[in-house]
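Undergrad: Listed here are the chains, written in short residue letters.
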Amino acid sequence: MSSNRWLATGNYFTSYREEQRIFFTSLDRAVMGFFLLCLFVWPIFIDVDNKYMLVIDNILVAVIAVMGLNLVTGFAGLISIGHAAFVGIGAYTIASFSRVLGESHVLLTHAWPVMIIISGMVGAVFGAIVGLPALRLKHLYLAIATLSFQMIFQWTINFMDFFNQGQTISVGRVAWLTGTVSRDQHYIFWYYAILVFIVLTGFSVRNLLRTRYGRCLVAVRDNDRAADAMGMHPGFTKVYAFALAGFLAGVAGALNAYIYRGVGVESFTLHASITYLAMAIVGGLGTLHGSFWGPAAIKVLDLQVEKLAEWSATFLPANMNLATALKPLSFGLVIVLFLMFEPRGIANWWRIFRSYVKLWPFRY
Amino acid sequence: MTQLIVSGVTLTFGGLHALSNVNITIEPGLITSIIGPNGAGKTSLLNCVSGFYHPTKGEIKYGDRRLTHASPHQVSSIGIARAFQNLELFRGLSVLDNLLLARHQKLRYNILQAIIYFGKASRVEAENRAYVEKVIDFMELELYRKKTVGNLSYGIQKRVEVARALTLAPKLLLLDEPMAGMNIEEKEDIVRFILDLKKEWDITIVLVEHDLGVVMDISDQVYVLDFGEVIGSGKPKEIASNPEVIKAYIGEE
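Protein chains in written order, with the numbering used here: chain A, 134 to 497; chain B, 135 to 387.
There's no promise every hint is true.
Claimed, not checked - Derived lysine to aspartate or glutamate pairs resembling EDC-like cross-links, with alpha carbons at most 20 Å apart:
| no. | chain 1 | residue 1 | chain 2 | residue 2 |
| --- | --- | --- | --- | --- |
| 1 | B | K280 | A | E151 |
| 2 | B | K254 | A | E152 |
| 3 | B | K254 | A | E151 |
| 4 | B | K381 | B | D345 |
| 5 | B | K280 | A | E152 |
| 6 | B | K280 | B | E261 |
| 7 | B | K371 | B | D198 |
| 8 | B | K305 | B | E267 |
| 9 | B | K268 | A | E151 |
| 10 | B | K280 | B | E267 |
| 11 | B | K195 | B | D231 |
| 12 | A | K184 | A | E439 |
| 13 | B | K268 | A | E152 |
| 14 | B | K281 | B | D271 |
| 15 | B | K333 | B | D198 |
| 16 | B | K281 | A | E152 |
| 17 | B | K321 | B | D354 |
| 18 | A | K271 | A | D357 |
| 19 | B | K305 | B | D198 |
| 20 | B | K332 | B | E322 |
| 21 | B | K332 | B | D351 |
| 22 | B | K254 | B | E276 |
| 23 | B | K381 | B | D360 |
| 24 | B | K240 | A | D357 |
To be verified - To list a few chain A residues with every Cβ distance to chain B over 10 Å, as calculated:
| no. | residue |
| --- | --- |
| 25 | D182 |
| 26 | S445 |
| 27 | L455 |
As the list claims (entries may be wrong) - Pair ranges (Cβ atoms, derived):
| no. | chain 1 | residue 1 | chain 2 | residue 2 | range |
| --- | --- | --- | --- | --- | --- |
| 28 | B | G149 | A | L265 | 32 to 42 Å |
| 29 | A | M473 | B | N220 | 28 to 38 Å |
| 30 | A | S281 | B | I245 | 21 to 31 Å |
| 31 | B | N155 | A | F146 | 48 to 58 Å |
If you are wondering where the hints come from, they were derived from the structure by calculation, not from laboratory data. Small disclaimer: the values here were computed from a predicted structure and weren't measured. Every residue, glycine too, gets a C-beta built ideally from N, C-alpha and C.
Next up, chain A with everything else stripped away, as it sits in the complex (with noise of 0.2 Å):
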């Protein structure tokens, strides 16, 4: 054992199971665990109205979704514009299942664990097909495949009666120890179910990432012809990466058919699958706390252009709709200064504000 394990300074490894611990310091893991039992215990002693629960649960189940795009994209370098239509496919998992069985059936609405789980399976295995194409198609051939699903998915939902033609299909309310979420419960409920799941995925995948399933993502990323030279089949690592990816947007799907209580093909279109690729490469690609950011930092700024057009509705004309026009500029705004300025994201200023934390009060 090192001789001090709470500060980084006087902290040494004397086995290499310590040097590949995720916190290498009792403070970080203090720190993270006290930031974790925040997240859990804030909505006790705030009360938050409704329709900022349903923001906050969206930016959560966007996380997840960008989590899952993050290693396709970020990790194995693999550029994919059709991640909406994979976490659609977990939401019309969850539909089909309502369709078929009713929608208050007992699976639905008692088993929902199990249910996001298999749409999650459902999306892992659409992803692999997909990324069947990687086999042969590198870089930007690759992502017009992945675009190519998306149309797909798309017309497959709209065209067909089984889907409703892409209108809502209605989910039941789901049950818990308590009995039936009630409608004001419903989104804090959901909150507190997606942030399971996101501890859960979150570490999974840090896990991952420090074994051999993940560096596999990145050395294919860096140079597939060594990663082969070094043992690694390159296609079947890239078919695995959009497995991973799709089974992660599933499981988002599931959660977004969950809290919304139905399913509509409005949010997975094409636009949908440019705003997850957006908030990766705000957040930071090839990065795991990127997928945190990137979310949040787009959930917020569509939130604060709502607020500036309601508010300039005060002294504008009422035909005059800004926020229609101010969405759309400021998200493409908003992705070109990033790609412009920081193509590393705010995980990159996460970064350079932890080293000036850490060396604080000295430059360096």
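Assemble chain B onto chain A, guided by the hints.
TA: For chain B alone, kept in the frame of chain A given last:
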């Protein structure tokens, strides 16, 4: 110990004969050098062995396994490792990560164990790390362990390249110009590593190299390629006095 036998290998790209009817036998436990002027087909030959190219005709056998149509990851899994001529490192990663990566196939745990991490995966990873440390120690890379590979000097990167091949725990190591572009000291280091590898690690080495001084000093067996054909083979001394080889290297009067 297993022999690598390349028999009658021909490799054509359209009308271009990169290799024609090449017969080479790599004896276990020796340092075999392949030399020849630029464009003679040395790297093509290594690519054939390591599975990046598949010969148009002929056969490559390692022991009793046919490698003719094997892909690179299959070749590496049976104990043949390859260091590239043009650096093919994972540039964004640290030296340590580059080496850890190379043990991909040797790590035996499944994806669920990886997600849980505690238990099997963490134990295997610690063993993996210990093995990598052995290689780092041998290649004298301790100083650079945590440095990003892309920022290191060329000589060190070349050394990392060799180290990464070593991490695969190969029985046969293919080195493609490991000393190209190095100064005399760095060359001496690499030569020392190669000799130690042969003696201490019992690794058979195939060396493609332009520095004839080095080749003649350390090789047990030399093959000379020119225009895709083997024009001479034998002990370094025999090669040095072979008129065909002299002709290929210095030209005719």
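Undergrad: Classify the label on L455(A) as holds or violated, using whether its beta-carbon is more than 10 Å from each beta-carbon of chain B.
TA: The claim holds: L455(A) sits with its nearest Cβ about 43 Å from chain B, beyond 10 Å.
Undergrad: Is it true that the CA of K254(B) sits at most 20 Å from the CA of E152(A)?
TA: holds, 16 Å
Undergrad: Are M473(A) and N220(B) spaced within 28 to 38 Å by their CB atoms?
TA: holds, 32 Å
Undergrad: Starting from the range 48 to 58 Å, see whether the pair N155(B) and F146(A) falls in it by beta-carbon distance.
TA: The hint (48 to 58 Å, Cβ to Cβ) holds, given that N155(B) and F146(A) are roughly 55 Å apart.
Undergrad: Take a quick look at whether K333(B) and D198(B) sit within 20 Å of each other, Cα to Cα.
TA: At roughly 25 Å apart (the allowed maximum being 20 Å), D198(B) and K333(B) break the hint.
Undergrad: Examine each Cβ of chain B, and state whether all of them lie more than 10 Å from the Cβ of S445(A).
TA: holds, 45 Å
Undergrad: Would the pair K195(B) and D231(B) pass a check requiring their Cα atoms to be no farther apart than 20 Å?
TA: Roughly 32 Å between the alpha carbons, so the hint for K195(B) and D231(B) is violated.
Undergrad: Would you mind confirming whether the straight-line C-alpha gap from K240(B) to D357(A) stays at or under 20 Å?
TA: holds, 19 Å
Undergrad: Mind checking the alpha carbons of K280(B) and E152(A) for me, to see if they're no more than 20 Å apart?
TA: holds, 12 Å
Undergrad: Given the hinted pair K271(A) and D357(A), is their alpha-carbon gap at most 20 Å?
TA: At roughly 11 Å apart (the allowed maximum being 20 Å), D357(A) and K271(A) satisfy the hint.
Undergrad: Regarding the pair K281(B) and E152(A), is the alpha-carbon distance no greater than 20 Å?
TA: The hint holds at about 16 Å.
Undergrad: So if I understand the rule, the pair passes when the alpha-carbon distance is 20 Å or less; does K381(B) with D360(B) pass?
TA: holds, 10 Å
When the structure is compared with the earlier hints, violations turn up for hints 7, 11, 15 and 22 and for no others.
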